[in-house]
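Colleague: Chains A and B, in that order, give the protein sequences. Each residue of the first sequence is one higher than the one before, starting from 16 at the first, in the working numbering. Each residue of the second sequence is one higher than the one before, starting from 230 at the first, in the working numbering.
Worth double-checking, as some hints may not be accurate.
[Unchecked claim] Anything over 10 Å on all C-beta distances counts as not near chain A; from chain B, calculated:
1. Thr-234
2. Arg-268
3. Pro-269
4. Glu-273
5. Leu-291
6. Tyr-342
7. Ser-363
8. Leu-376
9. Tyr-383
10. Gly-384
11. Gln-389
12. Leu-391
13. Arg-393
14. Phe-423
15. Gly-441
[What the hints assert, rightly or not] Below, in silico cross-link-like pairs of lysine to any residue (SDA-like), each with a Cα-Cα straight-line distance of 25 Å or less:
16. A/Lys-133 / A/Asn-193
17. A/Lys-137 / B/Trp-392
18. A/Lys-133 / B/His-476
19. A/Lys-228 / A/Ala-42
20. A/Lys-137 / B/Tyr-383
21. A/Lys-112 / B/Pro-328
22. A/Lys-257 / A/Pro-233
23. A/Lys-137 / B/Pro-334
24. A/Lys-257 / A/Arg-219
25. A/Lys-112 / B/His-476
26. A/Lys-251 / A/Leu-181
27. A/Lys-137 / B/His-479
[As the list claims (entries may be wrong)] Taking beta-carbon pairs under 8 Å as the criterion, some of the chain B residues facing chain A (in silico):
28. Ser-371
29. Gly-375
30. Arg-381
31. Pro-397
Note that these hints are calculated values from the structure, not bench results. Positions of the beta carbon are idealized from the N, C-alpha and C atoms, including for glycine.
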Amino acid sequence: MNMLLALSAVSKTFDNGVQAIARLDLAVAAGEFVSLVGPSGCGKSTALRIIAGLAAPSSGTVAFPDGRPGIGFVFQEPTLMPWAGALANARLALDLKGVPRAEADERAMRALRRAGLKGFEKAYPRELSGGMKMRVSVARAIAAGPRLLLMDEPFAALDELSRQALNDDLLALAREDNMTVIFVTHSVFESAYLSSRVLVMTPRPGRVAAEIKLSPPPLRDVSYRLTQAFADGARKVQAALKDATEAAA
Amino acid sequence: MTRYTVPVALGIAAIALWQWAVSHYDVPVFVLPSPAAIRPAFVENFSSLMESLWVTLRITWLAFGLAVVGGLALAVAFSQSRTAEMALYPYAVVLQVTPVLAIAPLILIWTGYEHVERAAVIIALIVAFFPVLSNATLGLRSVDPGLLDLFRLYGASRWQVLWRLQLPGALPHIMAGMKISGGLALIGAVVAEFVAGSGAATGLAWRITEAGNRLEIPKMFAALGLLAAVGVANFYALTFLEWLVLHRWHESAREREG
């Protein structure tokens, strides 16, 4: 498979002296769904920001062997523009790139529909529930057709059922668009359900402590959550997480 | 409904009490005229009062408009250049904290007593300018950092950040500043007329001074009432504008549910 992204020996020390990540190596192939799991403050978010180019590494390199792909980013908060409707929010990347309005509208409309928000194009963020706001955020991230989707604990604030629904929708979107996803989460179950590979990180400064390869069926739904394969995956991630935090303590 | 009926009922009750107290205690008209005595003073001087009202309004609105445009322009300049802000902000504060009454005579001298209106606009502008500037500056700076990250991720230009992110985000602050400035512009206009004293001043403040000098107390009250009405009308006009701009999306304009 083609290598999409390679981080080698990336470290990040903030101005206040806190070292968020230390010599992080990470290679991601095109089409992978990689989860980063770890305790709070292990630099997972910082790693995503560095990959997105929003923060510069203190040392080490970030390389995109096939050129920098289009990137979509979903934050922990929906982070919508409160003064704009769902459609205008979803259109953001296209508007900023200067895509003509008619085409941008069409593409944003399609993104909203695919994110499960058909009929809510005109709704303002404050009129939407937490789960729907997050769906707008997902629609905004996919509207411009990115090849790489970065997600920073996107569903952490949602109730379990909304979260599971969004997990399934996200998998469908990633599969249909052949997107590579790097997904940061606290949740062992979420990582075990979504990923083809889980990277468990140590507490600050963050490094990769363990790598767990999973092979979930490409099409899965809630019944997969009841299988032994899912339980085994979750157990492996949990065990690796336990080792990583205990080793640091 | 009670939002309107309660204050209106209170106002009517207060006016009735005033009327009753003046006649019951036999208060002389040159101390406190009764509402019934103010009404004819208003009717008799209607045309001169309206003329003066127009003068005061013109000064207030012109000063307010200049304050909004100037305050916004300077706030945008501050948001684009930290140096501009560091260099100019202290002087804006100096202008704000120096009592306008102390500067007013100077401004009158500079514009000349034959251009009282010009001086009044400048004085009202000085008073009204700062709230727009400081609120807009604060608003332009209070950008959601997550949204700013997204704009950067998508390669937004400075102009796009300003126009699509900072300005719409600052609207609640800008509207708040405009509401304060609207009231201050009227105060500034009145202060300017008082300082100008006689001469070419013909606004409502001058009507009050003139009527006071002649002990025409009911006429003073009539002019005073008009001034208050203008202030209230300006305030509610701006509140309505704020509602128009913000009600679709901002929490401050949300109707309380339940």
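Colleague: None of the hints should be skipped; say for each whether it holds.
Modeller: Now for the hints, and whether the structure bears them out:
no.	hint	verdict
1	Thr-234	holds, 30 Å
2	Arg-268	holds, 47 Å
3	Pro-269	holds, 51 Å
4	Glu-273	holds, 51 Å
5	Leu-291	holds, 30 Å
6	Tyr-342	holds, 48 Å
7	Ser-363	holds, 22 Å
8	Leu-376	violated, 6 Å
9	Tyr-383	violated, 4 Å
10	Gly-384	violated, 7 Å
11	Gln-389	violated, 6 Å
12	Leu-391	holds, 13 Å
13	Arg-393	violated, 7 Å
14	Phe-423	holds, 42 Å
15	Gly-441	holds, 49 Å
16	A/Lys-133 / A/Asn-193	holds, 22 Å
17	A/Lys-137 / B/Trp-392	holds, 21 Å
18	A/Lys-133 / B/His-476	holds, 24 Å
19	A/Lys-228 / A/Ala-42	holds, 14 Å
20	A/Lys-137 / B/Tyr-383	holds, 23 Å
21	A/Lys-112 / B/Pro-328	violated, 49 Å
22	A/Lys-257 / A/Pro-233	violated, 28 Å
23	A/Lys-137 / B/Pro-334	violated, 55 Å
24	A/Lys-257 / A/Arg-219	holds, 15 Å
25	A/Lys-112 / B/His-476	violated, 29 Å
26	A/Lys-251 / A/Leu-181	holds, 24 Å
27	A/Lys-137 / B/His-479	holds, 15 Å
28	Ser-371	violated, 13 Å
29	Gly-375	holds, 4 Å
30	Arg-381	holds, 6 Å
31	Pro-397	holds, 5 Å
In this structure, the hints that do not hold are numbers 8, 9, 10, 11, 13, 21, 22, 23, 25, 28, in rising order.
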